[in-house]
Amino acid sequence: MDIHVMGVGDAADPDHSNTAIAAAAAGYRVLVDCGHSVPPVLWRKMPAPDAVDAIILTAPQPDRCFGLVPILLRWAEDGRRKPVDLAVPAAAADVPAGMLAAGGVPEGRGLPFPLRLHDLAALPRLGPFALAATPGGAVGLEWGGRRCVYGTSGTPGPAMTTLAAGCDLLFHACNGGRDAADELEALSAFAVERQIAAVRLVRVHCDRHDAVAALAARHPRLSLALPGQLIRLDRMVEGADHR
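Numbering (the working numbering), first residue to last: 938 to 1180.
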């Protein structure tokens, strides 16, 4: 399984795109979140209109979903005909239709490819990936005996603890405020206890990157996720791609 870090920023980060990842396996790719600043990154790195097979939106906030309509419209202009599977939490089931209508694409018209809506919590698979989700918006993707979990923040609850246990890679949102040292200490202990191989920090406040990176360096399993980073979970090899 390959994990491409599309963005690491919070909602209003002027230097980093909204946090999002693209997971690929067996010729299938799923984009997890597409906030308002993600589309240009996707178009640069994966310009083909069929490059992404499915999209997961973990929440209806602008930094999680406002890039959906620009992405779909660009794919339509570029000739996509392959269906797009879109998985969202049940509570946000009406959000895609509202955004499409606001973007001039009335429901059922305007896209030359099927847009298939799914309840994220009730969807056991997407393509080759086994899929699991928590009520708090975390998502687990598993393929080939490797598992990536995306979307934790704060203190993990019972559902998150179960989902993350034994995973190869966990993405955790860390704002980097006054309690960041205590948060990372607890997160490191959680990773050891639950046998999580690696934790990558995202959504760090724009003026706290260096401070959080220094705090994370105290813990072997923790580090900041890097924009453009490519992580191959079969060997847990990480490389940077800053194009």
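In case anyone wonders, no lab produced these hints; they're calculated from the structure. We treat Cβ as the ideally placed atom computed from N, Cα and C, and that holds for glycine. Mixed in with the good hints there might be a few duds.
[Said to hold, decoys possible] Here are the simulated distance ranges between beta carbons:
| id | residue 1 | residue 2 | range |
| --- | --- | --- | --- |
| 1 | A1126 | F1050 | 43 to 49 Å |
| 2 | H1156 | A1030 | 26 to 32 Å |
| 3 | G1041 | D1119 | 44 to 50 Å |
| 4 | P999 | A1126 | 31 to 37 Å |
| 5 | A1058 | P977 | 29 to 35 Å |
Here is how each hint holds up against the structure:
Between A1126 and F1050 the beta carbons are some 46 Å apart, a value that agrees with the proposed interval 43 to 49 Å. At roughly 38 Å, the beta carbons of H1156 and A1030 sit outside the given window of 26 to 32 Å. Taking 44 to 50 Å as the suggested C-beta distance range, the pair G1041 and D1119 conforms, at roughly 47 Å. A C-beta distance of roughly 33 Å is found between P999 and A1126, which places it inside the suggested range of 31 to 37 Å.
Between A1058 and P977, the C-beta spacing of about 30 Å keeps the proposed range 29 to 35 Å intact.
In summary, the one numbered hint that this structure violates is 2.
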